[in-house]
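Participant: Using the sequences and the accompanying hints, generate a full structural model.
Each residue of the sequence shown is one higher than the one before, counting from 68 in this note's numbering.
If you're looking for bench data, these hints aren't it; they were derived computationally from the structure. Incorrect hints may appear among the rest.
As the list claims (entries may be wrong) - Here are the simulated SDA-like pairs of lysine to any residue, each with C-alpha atoms no more than 20 Å apart in a straight line: (1) Lys607 / Leu649; (2) Lys266 / Ser289; (3) Lys321 / Pro339; (4) Lys317 / Pro378; (5) Lys607 / Asp574; (6) Lys607 / Gln686; (7) Lys266 / Ile322; (8) Lys609 / Gln634; (9) Lys321 / Ala290; (10) Lys607 / Gly577; (11) Lys317 / Ser289; (12) Lys317 / Thr375; (13) Lys607 / Gly226; (14) Lys417 / Asp393; (15) Lys607 / Leu674.
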Amino acid sequence: MSEPQGSKERERKALEAEDPEELVAEDDAVIGLAFRRSLMVLGALALVVGGGWWWSRRPKEAAPEQKIARAAPEAVVREAKPPAVRFADGTAAAGIRFVHTTGAYGDKLLPESMGSGVAFLDYDNDGDPDLLFANGTAWPGGHGIASATPALYQNDGHGHFREVTREAGLAVPIYGMGVAVGDYDGDGWPDVLLTAVGKNRLLRNRQGRFEDVSAAAGVAGSADQWSTAASFFDADGDGDLDLVVGHYVKWSPKIDFAVDYRLTGVGRAYGPPNNYEGTFPSLYRNNGDGTFTDVSGEAGVQVVNKATGAPMAKTLGLVPVDADADGRMDLLVANDTVRKFFFHNLGGGKFAEVGEAWGLAYDRDGNATGSMGSDAGDLANDGGLAFLVGNFANEMTSVYVREEAPDFFVDQAISSGVGAPSRRALSFGLFLFDYDLDGRLDLLQVNGHLEREIAKVDPSQSYEQAAQLFWNAGPQAQPPFVLVPPGETGDLGRPVVGRGSVYADVDGDGDLDVVLTQAGGPAVLLVNQQSLGHHWLRLKLKGKGPNSAAIGARVELVAGGVTQRRQVMPTHSYLSQVELPLTFGLGEASRVDSVTITWPDGSQQKLGEVAIDRLVEVQQAAS
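Facilitator: Given below as structure tokens:
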């Protein structure tokens, strides 16, 4: 697909412009405010000038009244009533006993408040989704629970789990944050990266047992880094999986005590990252021999505050996606309290940061937000892409919808129906999935505050918060997203200190179940109990090596006159990874008309007749 001339010009300016007046990172919101005020002044001047011109040329007599017959509108807005679907807590029955460890011992160190991620992966290649939880551990000096490690649970194929952490080689005591899953060495077994406060761990899957290869592979990072979201994806188009790692802020216990964030009536407290210096994301190129090379600088993913020379990013969310369907994977970076970045892939491993030009940097009011969990998808089944980003308390969830141009997005938080209900929540895990199998992507966001005693300071807030499930009623409904009352979602509506969240078909019944993590609390498995009679199809893609899981492949499915679009990408939500098979709800459609797969190498494959209500494995055809 050829790129629009305007897009190329904006990217050229983004790469070459030097503005010595740029504000420091924590003052990013001022840019949006000044911009809005300038528009207001210009608008007022236009009204004055326009009004004078009209008065001088106003008609002397009123024209005769004309009556124009208007046809009734064709579109009828449907009544938006969510279906009756409940989620049941199946944690204990499934054998999941994971409890997150913060390592907290009273000093209120910022990482303790952030929780950790979780991943669905088929680590043993037996066809069902297993579970891997990242975890904290004791701080140096013996504070906390010294034995805390990540936890791996093996699925027996019927939704029951057995912990196999030690026997799989994953009893690794690190202060873990996020999980990334990808077959980086092309041997057909999913490998794992655990991000951490301190050095990261790359764990190579040796047919069901993991080996720590972090140092040899060159992706451990440094001991003074705080790494968060990470993702395997093909950044340079050479066929193997590269690795991007986001970092939060420049942090140490000494810096934390120097910042000394406090709340009136509470004392020392967990706080926002405004007074911490930012970071650079790390992009590692896969060398194809089991090692990686850090190409962050030459690739163009290091954004500097030009006024200070300091790194700007404070990353908690990543969304790799081919935003303009040019065959190259782009990257949205969700930053906390500074503007979001959008790295447009120019090819050859080079990126241009165009977040402001594409309308993705700020919220609808022109402010930088406390961005965390994030996702992307086609909300209206019209080929348009949208990005969703969960934000801090008293900030709406951002819903960036693409306008007619492929490189311009507008935050439609309010008109989408998501904005107002999400304002009070502090949202971490956020993802799109079709929970009722009607063929439209719904939204789940998992919420929870940082500070246990926040209600003393802000009575509108609580530490534990209910997750919010938004049903997608379709583009003809106003608004298209409807909040399902928490009391109607079963155990999903129970307040939690939510952080990571993921989905998979845990029990093999075709619908998507949910697992969420809590900061300092137990993980929760929520079993989808929908019984609406909707049909479905699940596709598991097997690519040609070295990208055996076909990460980045795009699928279009047509059924019942509706075209659905999905991308194979495990990176969703907050510090987490979802299962790889793609789930298409078909609603009342009893057959699939067509399935077209665009594989990561650009080749297309059309499937013949496909049976429904089952999981279908598709092997990439030989070229």
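Participant: Please name the hints from earlier in the document that this structure breaks, with their numbers sorted from lowest to highest.
Facilitator: No hint contradicted; all consistent.
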